[in-house]
Amino acid sequence: MTLMEEATTTTSAGEQKHLMLRLYVAGQAPNSRRAHDNLMNICREYFDGNCQVEVVDVFASPQQALDDGIVITPTLVKVAPNPRVRIVGDLSATEKVVLTLGGRMKRK
Amino acid sequence: MDDVTHRLKKARTGIEGLDQMTGGGLPRGRTTLIVGAPGAGKTVFSLQTLVNGARQCNEPGIFVAFEEQADHIRANAAAFGWDLPALEEEKLFFLDARIPIDTVHSGEFDIGGILAGVEARAQKMGARRVVFDAVDVLLAMLDDARTERREIYRLHEWLQSHDLTGIITAKRSEQGHLLPERYDFLQFMADCVISLEHTRHELVSQRYLNVAKYRGSDFVEKQSPMLIGPGGIHVAGPDPMRMDHRIFDERISSGVARLDQMLDGGYYRGSNVLLTGAPGTAKSTLAGAFAAAACRRGERVLYVSFDEAAPEIVRNLASVNVLLQPHLDAGLLRMHSAFAGFQSTEGHMMELERLIDEHQPRCMVIDPFSALLKAGQQYNASEMGQRLLHRGKAQGITTLSTSLLEDDPRQTPSTEMQVSTVADTWIHLSYEAQGGEQNRALQVIKSRGTAHSNQIRELVLSDTGVTLRDVYTVGGEVLMGTLRWQKEEEERREAQRAERELQRRRRELELAEAEVEARMRMLQRQLQAQRAELEQLAAEEEMRQEQRQTHSDKVREMRQGATPTSDGEPN
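For the protein sequence lines, the chains are E and W, in the order given. Taking my numbering, the leading residue of the first sequence gets 1, the next gets one more, and so forth. Taking my numbering, the leading residue of the second sequence gets 1, the next gets one more, and so forth.
Read the hints as simulated data drawn from the structure, not as lab findings. Yeah, the Cβ is synthetic: ideal placement off N, Cα and C, and Gly gets one too. There's no promise every hint is true.
[Stated by the list, open to error] Some chain W residues well away from chain E (every beta-carbon gap over 10 angstroms; in silico):
#1 107
#2 205
#3 462
[What the hints assert, rightly or not] Where chain E lies over chain W, by a calculated footprint (3+ residues, C-beta under 8 angstroms):
#4 85 to 99
#5 112 to 124
Between the sequences and the hints, there should be enough to build the whole structure, so can you do that?
And the structure:
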């Protein structure tokens, strides 16, 4: 079961930096919930909401988790654009996440 | 390890020596920690346990690899001859849990992900065993000690709640302690801790397995040599108690008929035979004869040489008509050559134990045994030697060992002497130099349970075979070879001469007798003659007397006539 959330807001410059992200969570574990919340915040604040986030629950879809090589939860995978990156953890180190995802630390 | 009260259930590893040491294997449903330096064999060990569990105990298993690629692991397994593809259908599953190196951390995380995956798989397979290989790599990703501890306990509890036998491997620290300090908790958490070590001593390396901890019963830390052989890990296991020996009444041939006679039929089956002697005294020849005789009886034989390569041995023995090649070809005889310096004593010993397990011999030759008597790195010399002999006895293997011994054994105390106390039969070979010649001598110094002759016999090697010849004693001296022949010749001539002499003396005696008789007759005649003479004289004297009387009467008559009257008047 996956959740597709799309927050679309066009930037003032009309640029669309569309991120495709997949967040693997371990059910309702605290880490995972925090990660989800943090991710949503980051998307809104640093990427103008230009993120497509797919959430995969490893307990619900263990086979997919295995196939995708997910060992640690929560794990965030940037599927697109290249390069593919992985970030593990509850995403509380905001700066790291933003920079890793290719964004900038300027708030909008 | 027999703990009656707790009845700790154990999961067999299939590694014989280890299962013996632990009294049945690893603690079932609990966590075992394997610690070792890189290359110590942690991955092989855990995989072997999984494979054996699947094959021998019908317990499917999952291998979670944090460091190595699944393909590499499969390739290693194939090299050991473990048929992984067949098992991977249902009994074995590899999970690649490597975390990409470019993974970024941000904040707290846990291993829920992997556990979910393993859980699903475990349920599907009915897995009973799980390996988490190289957890230290996982831990390295975690930021602080608290998190590390938490996650490992999560793992531990997860294993317990699913009643899975878990094996965790971790790299040992470079320093003295088993693990880096922050991982000490791993040891405390685990119910069983096994460390794999690899020491180097004077260019020779040796591996050891140490069961450092085993919770749940009275336990004493145990260590044992181990090797990684062609079939996987092999652990030496505890020294079989002497009480386990099987006793046989049967005698088996030594390969030399006359020697069998000397020993009341041969060597006792299951006994230890020691052949000592200086170099070149034909110890290996006798050993070969023993091996050949056993093969002719259809028994499997293991011939271990620390001196020569197998083809050389076969060729040398063939020259004295001891033929081993046919038995090699038939697979009854297995020959193994090793060079003493290349491995530690423990390594050699383990190699032999492995060969015994593979070949299952009834008879064994170790030539020379002294190669095993150097002190090992952890065990002293006689322990190693005795251990192997005990093992042989426990399995009913008749073992013949050769040992270099230059001097008369009764005069030389040495390490070999300790082995001689374990030996049931002790035969000493020597050279006797006499009259410019060297001959081989054989002597039975000791033979338990047999009345044996103390005599020295001459050992003769020829192209028709090996035999013993009776010894020749003369004036307290033992003679052999040409000297013997010479002496025999001499004796023969001497006997002839004595015979002739006897006859001569007889004749002489007869002559003497005849002579004496003749003389006696002559003397008797003389005597008779004298008697006759005497009689004659006596008779003559008598006659003379008579004549005188008659004469006197006559004279009177003639003068008278008067015969004197009674009145006495003269006319």
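So, going through the hints one by one against the coordinates:
no., hint, in the structure
1, 107, "4 angstroms, violated"
2, 205, "35 angstroms, holds"
3, 462, "74 angstroms, holds"
4, 85 to 99, "holds (count 5)"
5, 112 to 124, "holds (count 8)"
When held up to the earlier numbered hints, the structure conflicts with hint 1 and nothing else.
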